[in-house]
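Colleague: According to our numbering, the sequence shown is numbered sequentially starting from 1.
Hints were generated in silico from the structure; no laboratory data involved.
Careful, some of the hints might be misleading.
[To be verified] With a straight-line cut-off of 20 Å between C-alpha atoms, the simulated PhoX-like cross-links for lysine-lysine are:
1) K82 to K105
2) K32 to K58
3) K183 to K105
4) K32 to K124
It should be emphasised that the depicted structure is a prediction, and the values quoted were computed from it without experimental measurement.
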Amino acid sequence: MKEEGIQLLGYTISNRGLYGDVQFAYTLLNKKNSYLACMNPHSLVIASKDKLFQCSLKNADILLPDGIGIVLAARLLGLPLKEKVAGYDFFYNFTKRLNRGGGAKYFFLGSTENVLRRIKERIKKEFPSIEVCGYFSPPFKEEFSEQDNNMMIKVINKAKPDILWVGMTAPKQEKWIFLNKDKLEIKFCGAIGAAFDFYAGTKTRPSLFWQKIGLEWLLRFLKEPRLWKRNLISTPIFLYWVLKEIVSKKYHS
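Model the full assembly from the supplied sequences, consistent with the hints where possible.
Modeller: Shown next, in the form of structure tokens:
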């Protein structure tokens with residue numbers, strides 16, 4: 001389980017940095033059913049009203065600080081967190097590490113057939129040691145039935161992957177992993193959401209400039225107004241919680 005991290009609002013969030021997280025995940029391949037999830041202010045707010053989502057985040061072997069808001073909150077609270085680690089960056093660099101180290105078998109669960117085909121084609125060209133042994137686009141619904149879950153587990157286990165990547169958006173993907181991981185015959189699993197579209201090229205991630213200045217979220221918001229809840233509702237709530245924590249720390253110091 002987690003060996004390093006900061007304690008932020010009740011969660012243990014990794015502070016290893018991108019390359020430290022990649023290396024730690026590589027060591028987790030020696031055990032079964034380890035998993036990674038991503039944390040941002042919106043996730044934290046949603047989890048406050050969703051106990052299952054909260055459990056899925058708190059039990060992740062790696063909880064990435066995938067949001068500039070998490071990094072800024074850590075700084076305000078004097079916590080040692082230096083960098084944001086996006087799910088996409090982890091996925092790409094972990095895949096590079098595995099490709100260099102002899103390869104692995106991948107399975108992708110989520111998104112559309114078109115996105116999944118594009119991912120498979122790109123990986124074949126870019127990372128020849130990585131085998132995409134299967135992918136599956138699940139039915140688009142709010143909740144999966146027991147029959148849906150059993151069928152997905154069966155398809156994944158039949159393909160015998162080392163690593164399962166799940167891209168069904170939060171909190172659905174994290175809860176699915178948490179509830180089903182013990183039935184899966186895999187070494188490692190990652191909930192990486194939008195990384196599917198970014199890697200497939202069906203959505204464009206803001207440039208490195210915007211990522212470095214911490215405004216990647218703004219460009220995504222302008223391109224995808226459906227993200228308004230996370231920016232206009234969740235962010236102010238998160239900031240209020242952080243301010244309360246700052247006041248509490250000062251009061252008790």
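Colleague: Would you check the hint for K32 and K58, treating anything up to 20 Å between C-alpha atoms as holding?
Modeller: 18 Å, holds
Colleague: Is the straight-line distance between the alpha-carbon of K82 and that of K105 20 Å or less?
Modeller: 32 Å, violated
Colleague: Hey, K183 versus K105, does the alpha-carbon distance stay inside 20 Å?
Modeller: OK: K183 and K105 at ~18 Å, within 20 Å.
Colleague: Mind checking the alpha carbons of K32 and K124 for me, to see if they're no more than 20 Å apart?
Modeller: Measuring from Cα to Cα gives roughly 26 Å; hence the hint is violated.
When held up to the earlier numbered hints, the structure conflicts with 1, 4 and fits the remainder.
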